[in-house]
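Participant: Following the hints, put chain B in place on chain A, whose structure we already have.
As a plain string of letters, each chain reads:
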Amino acid sequence: MNTVYILWLRQLKRYFRSKSRLIGSLGQPLLFLVALGFGPIYQKAAGGSYIQFLTPGIIAMSVLFTAMFSGIEIIWDRQFGFLKETLVAPVSRMEIMIGRTLGGATVAVIQGTVVFLISFLIGFRIKDFLYLPLFFLFMLLIALLFTALGTAIASKMEDMHGFQLIMNFLVMPLFFLSGALFPLQNLPRALTTIVMLNPLSYGVDGLRGALGAGYQFGFSQDFLLLGAATGALLVIGSYLFSKIEL
Amino acid sequence: MTEKKSEKNLISEKNLIIKVKNLTKVYNGLKAVDNISFGVEKGEIFAFLGPNGAGKTTTIKMLTTLTKPTEGLVRINDYDSVSQENEVRRSFGIVFQDPSLDDQLTAYENMDFHGILYKVPKDLRQKRIEQLLEFVELWERRNSLVKTFSGGMRRRLEVARGLLHHPQILFLDEPTLGLDPQTRTHIWNYIKKLNQEEKVTIFFTTHYMEEAEKVAQRIAIIDHGKIVAQGWLNELKEQTKTKSLEEAFIALTGYEIRDEEVK
Chain A
0 MNTVYILWLR QLKRYFRSKS RLIGSLGQPL LFLVALGFGP IYQKAAGGSY IQFLTPGIIA
60 MSVLFTAMFS GIEIIWDRQF GFLKETLVAP VSRMEIMIGR TLGGATVAVI QGTVVFLISF
120 LIGFRIKDFL YLPLFFLFML LIALLFTALG TAIASKMEDM HGFQLIMNFL VMPLFFLSGA
180 LFPLQNLPRA LTTIVMLNPL SYGVDGLRGA LGAGYQFGFS QDFLLLGAAT GALLVIGSYL
240 FSKIEL
Chain B
0 MTEKKSEKNL ISEKNLIIKV KNLTKVYNGL KAVDNISFGV EKGEIFAFLG PNGAGKTTTI
60 KMLTTLTKPT EGLVRINDYD SVSQENEVRR SFGIVFQDPS LDDQLTAYEN MDFHGILYKV
120 PKDLRQKRIE QLLEFVELWE RRNSLVKTFS GGMRRRLEVA RGLLHHPQIL FLDEPTLGLD
180 PQTRTHIWNY IKKLNQEEKV TIFFTTHYME EAEKVAQRIA IIDHGKIVAQ GWLNELKEQT
240 KTKSLEEAFI ALTGYEIRDE EVK
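Protein chains in written order, with numbering that gives the first Met the number 0: chain A, 0 to 245; chain B, 0 to 262.
Derived by calculation from the structure, the hints in this document are not laboratory data. Some clues are possibly wrong.
Stated by the list, open to error - Here are the simulated EDC-like cross-link-like pairs (lysine to aspartate or glutamate), alpha carbons at most 20 Å apart as the crow flies:
| id | chain 1 | residue 1 | chain 2 | residue 2 |
| --- | --- | --- | --- | --- |
| 1 | B | K213 | B | E43 |
| 2 | A | K242 | B | E84 |
| 3 | A | K12 | B | E108 |
| 4 | A | K242 | B | E70 |
| 5 | B | K18 | B | E43 |
| 6 | B | K146 | A | D76 |
Note that the structure is predicted; figures quoted are calculated from it, not measured.
This is chain A alone, in the form it adopts within the complex (with noise of 0.2 Å):
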């Protein structure tokens, strides 16, 4: 239990000293909110309001990207060494990969929340603060899921040269099809296939969702299908780990 906390606060400790990461990464949060945010295209296509919509997909991208560089940190802790201090004490892989993934969630979860609060200053306005605790189990599973993913990803990489490519071949695409700017209804067809097989559509929507915006493909299939990919990727992410050799 202590090997748990202890990894888990070593996350914590190392985001809040990095201010370059912390300024950076709620840097490009804004930056969507403020430049897409205000755009009457929406206003004038579907009606309502952008930002009520755009919010919740902006607090998703930050999780994501932040959950996601949480997991892969791992190659970081490969290339500057610390990796065999951790794989080298008297622990099983389970308490350090349990450890870390729940750091990088819990740090996911505090950007997204930071976000969350900031949205306000721009205009956004939730319905009913009653759902808040689905918006943060939301979070939390968004969160989980991708810091397990980076996990997994990390424990095959060698070096930092494939960092690039995740980002850009894995993250903005994620991303930009999970319908986090626009919404799904009259997509082509291929579009809303490649939506539906992406897990973080159903974590948009359930934030969506709990914040008053609306349903899409409604809670239960946003948990169940959440909830089901982040279990899988915690196990792949949990096997990959524990078969790491240096």
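Facilitator: Frame of chain A, contents of chain B only:
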């Protein structure tokens, strides 16, 4: 001199804390370590020498459970390195060849993290961290982030950290690489003191032959994955008819410069 003891006296299997039999590691068809066998007695200082790429680090990785042997047997403190990983891991401390500190954490936090991973109870942990940081003269800097430390300070911190859980064996993979003579002397003095006072078995690698000559009791030399010589310092010198370990080393491993295989 006691160093004149022959090797036969030593291999009383009972006293061996590190036992290696027919150990082999194959990476992509290349034999990094090729069927080596040796033993290290409880309480001795053992030097494991060899040119770059000879298989030293791979051997240490297998001894410390970081890599599984392709073939052969490793017993550490009477535990099997594959089937009893955790018991083995509790038996040793290690200072790696490359840095392995978290430089976003303070010196104290790095120590504390290690203590918790090794389940050292809180009171004892605090006491030992203070003792060890005093010992390596870093107590004053305990709350500084490691990224502000020089190479020598980091090395000292790593030595202190490796000792926190009171291991019976300390593995040191080129502990003095890239350090100035003052720091090197300092670190070796700590290590010798540790060996004498706490009876910690020391297993180390180095490229500085004069260090090995000063510190080690017994020596094994590995080249191309095979052990080419092992025994007491005097035995190696007699065997090669040389005056110093450096000459003996060159006589055994040749003049050729090695390319290190990167795995």
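Participant: Taking 20 Å as the top limit, are the C-alpha atoms of K242 of chain A and E84 of chain B close enough?
Facilitator: Holds, because 14 Å separates the two Cα atoms, which is no more than 20 Å.
Participant: Between the alpha carbons of K213 of chain B and E43 of chain B, is the straight-line distance 20 Å or under?
Facilitator: Holds - the C-alpha atoms of E43 of chain B and K213 of chain B are around 14 Å apart, at most 20 Å.
Participant: Tell me if the straight-line CA distance from K242 of chain A to E70 of chain B falls inside 20 Å.
Facilitator: 18 Å, holds
Participant: Keeping to a limit of 20 Å between CA atoms, is the pair of K12 of chain A and E108 of chain B held or broken?
Facilitator: Holds, at roughly 10 Å.
Participant: Mind checking the alpha carbons of K146 of chain B and D76 of chain A for me, to see if they're no more than 20 Å apart?
Facilitator: 14 Å, holds
Participant: When you check the alpha-carbon spacing of K18 of chain B and E43 of chain B, does it fall within 20 Å?
Facilitator: Measuring from Cα to Cα gives roughly 13 Å; hence the hint holds.
Checked against the numbered hints listed earlier, the structure breaks none of them; every hint is satisfied.
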